[in-house]
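Trainee: Chain by chain, the residues:
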Amino acid sequence: MGRVMRRILVNVMWALTLPALLIAAWWLVSDDSTSIYSPPLRTILRTFGPTWDGDRLTHDVVPSLLRLTAGYLLAAVAGIGLGLLVGLHAQLRATLEPVLEFLRALPPPVLVPIIMLFAGIGDTMKLIVIASGCLWPVLLNTVEGVRAVDQVMIETARSYRLPAPARLRHLVLPAASPQIFAGLRQALSIGIILMVISEMFAASNGLGFAIVDFQRSFAIPEMWSGILLLGLLGFVLSMLFQLVERRALAWYHGLRASRRAS
Amino acid sequence: MLEVRGLQKVYEGAGRRVEAVRDLTFTLEPGELACLVGPSGCGKTTLLKCLAGLLAPSAGDVLLGGHKVTAPPPGMALVFQEYGRSLYPWLRVRDNVELPLRQKKEMSRQRRRELVERSLAEVGLTHAHDAYPWQLSGGMQQRVAIARAIAYEPEVLLMDEPFAAVDAQTRADLEDLVRRVWQDLGVTVLFVTHDIDEAVYLGQRVLVLSNSPTVVQEQLTIDLPDERDQLTTRADPRFTAFRTRIYEQIQAAKVAKA
Numbered sequence: 000m001g002r003v004m005r006r007i008l009v010n011v012m013w014a015l016t017l018p019a020l021l022i023a024a025w026w027l028v029s030d031d032s033t034s035i036y037s038p039p040l041r042t043i044l045r046t047f048g049p050t051w052d053g054d055r056l057t058h059d060v061v062p063s064l065l066r067l068t069a070g071y072l073l074a075a076v077a078g079i080g081l082g083l084l085v086g087l088h089a090q091l092r093a094t095l096e097p098v099l100e101f102l103r104a105l106p107p108p109v110l111v112p113i114i115m116l117f118a119g120i121g122d123t124m125k126l127i128v129i130a131s132g133c134l135w136p137v138l139l140n141t142v143e144g145v146r147a148v149d150q151v152m153i154e155t156a157r158s159y160r161l162p163a164p165a166r167l168r169h170l171v172l173p174a175a176s177p178q179i180f181a182g183l184r185q186a187l188s189i190g191i192i193l194m195v196i197s198e199m200f201a202a203s204n205g206l207g208f209a210i211v212d213f214q215r216s217f218a219i220p221e222m223w224s225g226i227l228l229l230g231l232l233g234f235v236l237s238m239l240f241q242l243v244e245r246r247a248l249a250w251y252h253g254l255r256a257s258r259r260a261s
Numbered sequence: 000m001l002e003v004r005g006l007q008k009v010y011e012g013a014g015r016r017v018e019a020v021r022d023l024t025f026t027l028e029p030g031e032l033a034c035l036v037g038p039s040g041c042g043k044t045t046l047l048k049c050l051a052g053l054l055a056p057s058a059g060d061v062l063l064g065g066h067k068v069t070a071p072p073p074g075m076a077l078v079f080q081e082y083g084r085s086l087y088p089w090l091r092v093r094d095n096v097e098l099p100l101r102q103k104k105e106m107s108r109q110r111r112r113e114l115v116e117r118s119l120a121e122v123g124l125t126h127a128h129d130a131y132p133w134q135l136s137g138g139m140q141q142r143v144a145i146a147r148a149i150a151y152e153p154e155v156l157l158m159d160e161p162f163a164a165v166d167a168q169t170r171a172d173l174e175d176l177v178r179r180v181w182q183d184l185g186v187t188v189l190f191v192t193h194d195i196d197e198a199v200y201l202g203q204r205v206l207v208l209s210n211s212p213t214v215v216q217e218q219l220t221i222d223l224p225d226e227r228d229q230l231t232t233r234a235d236p237r238f239t240a241f242r243t244r245i246y247e248q249i250q251a252a253k254v255a256k257a
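So the protein lines, in turn, are chains A and B. For what it's worth, numbering that gives the first Met the number 0 labels the leading residue of the first sequence as 0, then goes sequentially. For what it's worth, numbering that gives the first Met the number 0 labels the leading residue of the second sequence as 0, then goes sequentially.
None of these hints come from the bench; they were simulated from the model. Any given hint could be a false lead.
[Stated by the list, open to error] Now the stretches of chain A that chain B is said to cover, found in silico as 3 or more residues with beta-carbon under 8 angstroms:
| id | region |
| --- | --- |
| 1 | 162 to 176 |
| 2 | 240 to 253 |
[As the list claims (entries may be wrong)] If the Cβ cut is set under 7 angstroms, some of the chain B residues that face chain A in the computed set are:
| id | residue |
| --- | --- |
| 3 | Leu53 |
| 4 | Leu54 |
| 5 | Pro71 |
| 6 | Glu81 |
| 7 | Arg84 |
| 8 | Ser85 |
| 9 | Pro88 |
| 10 | Ala130 |
| 11 | Tyr131 |
All of these numbers come straight from a predicted model, not from anything done at the bench. Heads up, the beta-carbon is just placed ideally off N, CA and C, and yes, glycines get one too.
My request is simple: use the sequences and hints to build the entire structure.
Mentor: Written as structure tokens, this is what we have:
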């Protein structure tokens, strides 16, 4: 037990080394900076607390997170649903694949002006922007995952006469879940980017709006602190995602470890 | 119980026509344990998939209890060679065995539990209910697959080279397990193998298949005593005589083709 603890501790130390070095370097290099555009890290950190107080959290951070959550969930549900449909029907897949590849190749931010034309500049627009960017990785990965379900597993389900809903729930979905999670992970980082971008275009609140607003009013340390907050947010969300994935795909990681061992 | 009449399977595709199975006719009596043995690549798996209703034959019929098989029938369970791909790695052992039963709407939860318990006990896995298949050895995984098959309470149990991928000692144990399960449950078993010794040791009857395109080359009744064990049965002169006979048949089939 003690050995395991020590190994975890050593791993954590290693993981923290580089960030600590980078922060230290930033601190030292910027410390005597007189440029108003790149203030000392000391100043940025000092403004962090007062800038992101309770008021701003409810006014900017919470709306951003709500948009992100809603858009992301929408994309996840639609992407997995459509992905199952397309993945299970070879004909449909052959017809749709070129179109899907084209749509995926479009950089999502380019859609913002178009979506603004149709959906206005409110929360709906931001939600659609986030969802339409997150959709593709989820959708295409789900299609791939469904297509790659093992033939022997399918024949097993058929020979035991599992009806279609049971096959979907107990075979196709779990078998595709490692791929689906890979898509969800890509979608998460895309979602954060689009959340910020959609708020920079037209908004009266949100993290993206706040950062641009600070920049326009020359509140440079505050702007920097907003960027730091975004970075932290991305980091925390990615950690949360990993936590969920570890739990949901525990069998998959175990299976892979057992294959490596043999 | 299981009747195969004039079964033929031809694969067509990309300008090539491959006749995997030419003309197979045989019958399994209720409660019989028969082995199908043939050279590798003689279409054994194709045949078994046709019997299981997973593959439509090009000609001929498969009848189970007098009914024509066109899709996987309810009274049949299949044990695959690739246990690692037939068990679902996201389900624990218990859930793997239970999954087919959960689709039987008329079956009570209580009865389901009983069947799972009993089947896992029958294959000697009382302590592995909560394990994932990939935490078990190959032989144990194949035991789980057998437990899943017998929990399904089939009339006919089809086994497709189930022990081809396990080591020799495990294999001997599993062979004895199949004999015991068959005797305990009175189920009809068709066991496909490329191993002549295995066929003679297990079967009451051995059907020798020819090379592809496949026909039944010979049927032998194995009149060894019902109580068999790895040491004495395999040393029995009649056992070696059967083995020699089948070996010659298979060699003859290969020569005939070449």
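Trainee: Next, verify each hint and record whether it holds.
Mentor: Hints versus structure:
Only when three residues or more bring their CB closer than 8 angstroms to a CB of chain B does the claim for the region 162 to 176 of chain A stand; here the count is 7, and the claim holds. For the region 240 to 253 of chain A, the proposed coverage by chain B is satisfied: 3 residues have a C-beta within less than 8 angstroms of a C-beta in that chain, meeting the threshold of three. Hint on B/Leu53 holds. Least Cβ distance to chain A is approximately 6 angstroms, under the 7 angstroms limit. With a cut of 7 angstroms, the hint placing B/Leu54 at the interface with chain A is violated, because the nearest CB-to-CB distance is about 9 angstroms.
Interface hint status for B/Pro71: upheld, as the beta-carbon distance to the closest one in chain A is roughly 5 angstroms, under 7 angstroms. Because the closest C-beta pair between B/Glu81 and chain A is about 5 angstroms apart, less than 7 angstroms, the hint holds. Given the 7 angstroms rule on beta carbons, the hint for B/Arg84 holds: about 4 angstroms separates it from the nearest Cβ of chain A. Hint on B/Ser85 holds. Least Cβ distance to chain A is approximately 5 angstroms, under the 7 angstroms limit.
Given hint, B/Pro88 at the interface with chain A, holds; its Cβ is 5 angstroms from that chain's nearest Cβ, closer than 7 angstroms. For B/Ala130, the shortest C-beta to C-beta distance to chain A is roughly 10 angstroms, which exceeds 7 angstroms, and the interface hint is violated. Interface restraint check: B/Tyr131 against chain A, minimum CB-CB distance 6 angstroms, threshold 7 angstroms, status holds.
Hints 4 and 10 from the earlier list are contradicted by this structure; the remaining hints agree with it.
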